[in-house]
Amino acid sequence: MSAPSLAAGRRETPATGPPPAAAPPRRTALWPYLLIAPTVLGAAYLLLYPLLRSVVISFQHFRTGELIRGGAAFVGLENYRAVLGSEEFRSVVLRTLVWTVVNVVLIMVISTVVALMIARLGRRMRLAVLSALVLTWATPVLAATTIFQWLFQSRLGVVNWLLVTLGLESFRDYTWFADGTSTFAILVTLVVWQSVPFAALTLYAGLTTVPAELYEAARIDGATSRQVFTEVTFPILRPLFGLITSLEVIWVFKCFAQIWAVSRGGPDGATTTLPVYAFQVAQSLHKYDLGSAISTLTVLILIVALITHLRRMVKQEGEHL
Amino acid sequence: MRHVTALLALAATLAACSSPAEPGDGGTTRLTVWVMRDSLSDGVLDRFEAGYRRTRPDVDLDIQIQEWDGIGQKVTSALASNDAPDVIEVGNTQVAEYAASGGVRDLTDKVADLGGADWLPGLAEPGRIEGRQYGVPWYAANRVVIYNKDLFAKAGIKAPPVTRDEWLTITAKLDKGDDQGIYLPGQNWYTLAGFIWDEGGELAVNQGGSWKGALDTPQAVAGMEFYRELQALGEGPKDSDEAKPPQAGVFAKGDVAQLISTPGGAVAIEKANPELAGKLGFFPIPGKTAGKPGAVFTGGSDLIIPEASRNQEAAYEVVKALTGETFQNDMAKEMSYVPNRVSLAGVLDGNEGTAAMAKGAAGGHATPNSPAWAAVEAKNVIKEYMTAVLTGGEAAAEAAKAAQSITGILAAES
Amino acid sequence: MIRRLPLNLAALVVVVISVFPVYWMALTAFTPTKDIQAETPTFWPAHPTLEHFATAVNADGFWTFWRNSLAVTAAAVLLALAVALLAAFAVARMRWRGRRGFILMVFIAQMAPWEALLVSMFIIARDTGMLDKLSMLTLIYFMTTLPFTIVTLRGFLASIPPELEEAALMDGCGRAAAFRRVVLPLLAPGLMSTSLFGFITAWNEFAFANALIIKNQDDRTLPVWLSSFSNVFGTDWGATMAASTLFMLPVLLIFLILQRRVTSGLIAGAVKG
Chain A
1 MSAPSLAAGR RETPATGPPP AAAPPRRTAL WPYLLIAPTV LGAAYLLLYP
51 LLRSVVISFQ HFRTGELIRG GAAFVGLENY RAVLGSEEFR SVVLRTLVWT
101 VVNVVLIMVI STVVALMIAR LGRRMRLAVL SALVLTWATP VLAATTIFQW
151 LFQSRLGVVN WLLVTLGLES FRDYTWFADG TSTFAILVTL VVWQSVPFAA
201 LTLYAGLTTV PAELYEAARI DGATSRQVFT EVTFPILRPL FGLITSLEVI
251 WVFKCFAQIW AVSRGGPDGA TTTLPVYAFQ VAQSLHKYDL GSAISTLTVL
301 ILIVALITHL RRMVKQEGEH L
Chain B
1 MRHVTALLAL AATLAACSSP AEPGDGGTTR LTVWVMRDSL SDGVLDRFEA
51 GYRRTRPDVD LDIQIQEWDG IGQKVTSALA SNDAPDVIEV GNTQVAEYAA
101 SGGVRDLTDK VADLGGADWL PGLAEPGRIE GRQYGVPWYA ANRVVIYNKD
151 LFAKAGIKAP PVTRDEWLTI TAKLDKGDDQ GIYLPGQNWY TLAGFIWDEG
201 GELAVNQGGS WKGALDTPQA VAGMEFYREL QALGEGPKDS DEAKPPQAGV
251 FAKGDVAQLI STPGGAVAIE KANPELAGKL GFFPIPGKTA GKPGAVFTGG
301 SDLIIPEASR NQEAAYEVVK ALTGETFQND MAKEMSYVPN RVSLAGVLDG
351 NEGTAAMAKG AAGGHATPNS PAWAAVEAKN VIKEYMTAVL TGGEAAAEAA
401 KAAQSITGIL AAES
Chain C
1 MIRRLPLNLA ALVVVVISVF PVYWMALTAF TPTKDIQAET PTFWPAHPTL
51 EHFATAVNAD GFWTFWRNSL AVTAAAVLLA LAVALLAAFA VARMRWRGRR
101 GFILMVFIAQ MAPWEALLVS MFIIARDTGM LDKLSMLTLI YFMTTLPFTI
151 VTLRGFLASI PPELEEAALM DGCGRAAAFR RVVLPLLAPG LMSTSLFGFI
201 TAWNEFAFAN ALIIKNQDDR TLPVWLSSFS NVFGTDWGAT MAASTLFMLP
251 VLLIFLILQR RVTSGLIAGA VKG
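Listed in order, the protein sequences are those of chains A, B and C. The numbers in our numbering rise by one with no breaks, and the one at position 87 of the first sequence is 87. The numbers in our numbering rise by one with no breaks, and the one at position 262 of the second sequence is 262. The numbers in our numbering rise by one with no breaks, and the one at position 241 of the third sequence is 241.
Since the hints were derived computationally from the structure, they do not count as laboratory data. Backbone N, C-alpha and C define an ideal beta-carbon position, used for all residues, glycine too. Careful: at least some of the hints might be erroneous.
Stated by the list, open to error - If the Cβ cut is set under 7 Å, some of the chain B residues that face chain A in the computed set are:
1. Gln73
2. Thr76
3. Leu79
4. Ala80
5. Ser101
6. Gly102
7. Lys238
8. Asp239
9. Ala375
10. Glu384
11. Thr387
12. Thr391
13. Gly392
Just chain A, with the same shape it has in the complex (with noise of 0.2 Å):
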């Protein structure tokens, strides 16, 4: 996950942005267009033409010996078809839903807390933190999901050994990956884990920029500390909120690699989302047809649920011509 954007907070802070240069258009109106051409070369080979490819996909009967023969046929929406009268896309898109607004919520619940807290700390305390923040930010997803899987094991790991010292007798030897339930917890966890340090330490900086003088005031006029935030720092931030919201569901809606390394998408589907069902049915099933249906259609519920995201990003860039 990431590391966007110390920049994307600050560009979302009022009155950062200068108005945009007046940059003669008059002398090179060729070269806006030269200087984005590597960008839309690439884009189009590695980005553009793979998309397409993977629509068409969806439109043909295309399984492993039309991988390896060429020659598919085109199907019409027959796949579209399947995919979307089946049950258990059904329940998957349900769980992926769940699963994004569980994380996310708790991502930036989370987060704001601790972005507050940094900003009440003392010096050092607030080193200590800033830095455990960092570390955990900078620890590569591969590496924190065997860690994971290290920490809960069932035999040796240390989360049930604790639980036992504490007197939870029935988590001796207790299998968390074997239930569903459990599995999702854990993982949940992790991705909570690895994205809270992006979300706070960008909330943080935000939180750096609102003027100690608009607390005061606050403070002078009786407001208590939940007043403060609702009605002073909750609405200059909003859009700092909005943009880091957008992207922690972008990514944890196609979180991929944590969950397919830790479970597989079991047991019993029960970690299987979107991503890692189109990946099940293209990679293990080798149905590349009805993968690349999945994905068509993941990638339209993502740019709906975003669309006012998306909405006020164009809106943004008007204001700034």
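Place chains B and C on chain A using the hints.
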């Protein structure tokens, strides 16, 4: 800025040193052979490589070990690529699927040259589709019990058990203190299949052309109940299979009395812990009565040549050598595998592991003969059913769920 | 002081939760197997050992894969920075027809479901002769990090007053020179934080590396190797954690090198606001 420059320099250096030296110069052909993890010992492979280099100095063999995890995706990609590995080992339950996909070389006209007249049917048939032979039989093996003679002696057990009841009794006796009676991971579904066949059950049955999951029959549930009893007599993880962690490594620690594996597993154990050499014994998986050993899954491997291999002739020569008498004899002796041809079976006389295996082989079974069966395996339906029961689920209810799920998969795919 | 106690306690909890998993990884990596398998875990390296690191490093091809990963990652990040810088400049400093559409596409590209493109990417790589090549992976990682890099750099560029450049122009610098001498230094924190992001993304990538490197096993990358490491070493959690530690090390180093810049960028942003 300094850092960026440093990074740039670093990247340039790395890029420079990672450009591969082009192989194949000097007129040698580089042949890539894929062999599955733990299917053959290093010794067998090294001897083959050395021997082959002597007869064909112009061929440079690159034997690569592949992991079972995700192998379906890997082999499919290889078949679909335009520069595939030249020879690939595939499991006998999977060869039909690859052959049907169309990227595998048709070797029908070579069957006589390869001595196909007396191939083991359990390996030859899955490799044949509509009369054309794609997979070449390589070796067969079925599961036996490998035991630690020291631990048996320590527990005062004189003879291996011949019935299930005896088996449970002695295993309970062995499961004392720090020692494990048996290391049986919760998801060893080939073993469960044997128990189910013993009871007269099936994994799935063909009813008038359509397949139905059968894990919920009383016989199949009884098989699972036995698995649960046995599994509890050791520390095998309930949510994992024999490959994760590799069970030979667990056994090699010396505190496990029994293990269910092909006899070849003993080689991996001795490699991990040479102190156990000579202390391993074998016996067939006990059946319900003394006269009849337990039913087993007949496993094995075929070799295929992808059509995308760029060295068709050289690849064929290697296949011929790997399935020929010299290699087969060497492999059978070291790994206790059954050679690919009936006429070679004599080489195994007097081998303890194979003797145990041969007794069990009489009750050999195969997985349901549906092209969709691979999907049942890929979706881990049986494995997850086993874990659910072992971690406290109600066997009959879980079985009904799993059977329904298998029926659904087999229906959807056909 | 007393009033601060709950706050500091809460901070301590955050620190412990953040650090513990990583600490546990490093600890296990240095703990002898005997102690790892003890009934009661040890929380301090009483008898530190390097045996697990030896196992990990001596495993077949470790250094090759490590070097492959580093080369692919570094190349992808640098390529993305260079290309993104051009695009970001065009977006932040120039007006042109199609600019809004371009930005929108860049935003949407951030949502690209990469794992879903495995099959089509495989076909394209095969048909363009790029299968089994590290350069293909480099290109893909470049593309996965590009959209984010453009968005972020654009943000940084927008916050640098163009007047600075104009002043330099007046002083007789060429446009390129003005950019290099004035803008680039101010942009440093932005370049740092985006390269950090790109580095992590590319360093971690598994699905493409696993699917597109088929026959040339010497071209595998570290994540692919790490994934089979657990197959090979199984219960050897010491060796697995040592391998994970070695896997994390470069990222941590890059963080340490770049972090000062990133934080200074953060503070600069904060002060300006």
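Do the hints match the structure? See the list:
At its closest, the beta carbon of glutamine 73 of chain B sits 5 Å from a beta carbon of chain A; the interface hint therefore holds under the 7 Å criterion. Contact between threonine 76 of chain B and chain A, as hinted, is supported at the beta carbon level, the nearest pair being about 6 Å apart and thus within 7 Å. A least Cβ separation of about 5 Å between leucine 79 of chain B and chain A falls short of the 7 Å threshold, and the interface hint therefore holds. Interface hint at alanine 80 of chain B: satisfied, since its Cβ lies 5 Å from the closest Cβ of chain A, which is below the 7 Å cut-off.
Because the smallest distance between the Cβ of serine 101 of chain B and any Cβ of chain A comes to about 4 Å, under 7 Å, the interface hint for this residue holds. The criterion of a C-beta within 7 Å of any C-beta in chain A is met by glycine 102 of chain B, whose closest approach is roughly 5 Å, and the hint holds. At its closest, the beta carbon of lysine 238 of chain B sits 5 Å from a beta carbon of chain A; the interface hint therefore holds under the 7 Å criterion. For aspartate 239 of chain B, the interface hint holds, since its Cβ comes within 7 Å of a Cβ in chain A; the closest pair sits about 4 Å apart.
Residue-level restraint check for alanine 375 of chain B holds (minimum Cβ-Cβ distance to chain A is 5 Å; threshold 7 Å). The beta carbon of glutamate 384 of chain B is positioned within 7 Å of a beta carbon in chain A (closest approach about 5 Å), and the interface hint is therefore held. Interface hint status for threonine 387 of chain B: upheld, as the beta-carbon distance to the closest one in chain A is roughly 5 Å, under 7 Å. With a least beta-carbon distance of about 4 Å to chain A, the hint placing threonine 391 of chain B at the interface is held under the 7 Å criterion.
Interface restraint check: glycine 392 of chain B against chain A, minimum CB-CB distance 9 Å, threshold 7 Å, status violated.
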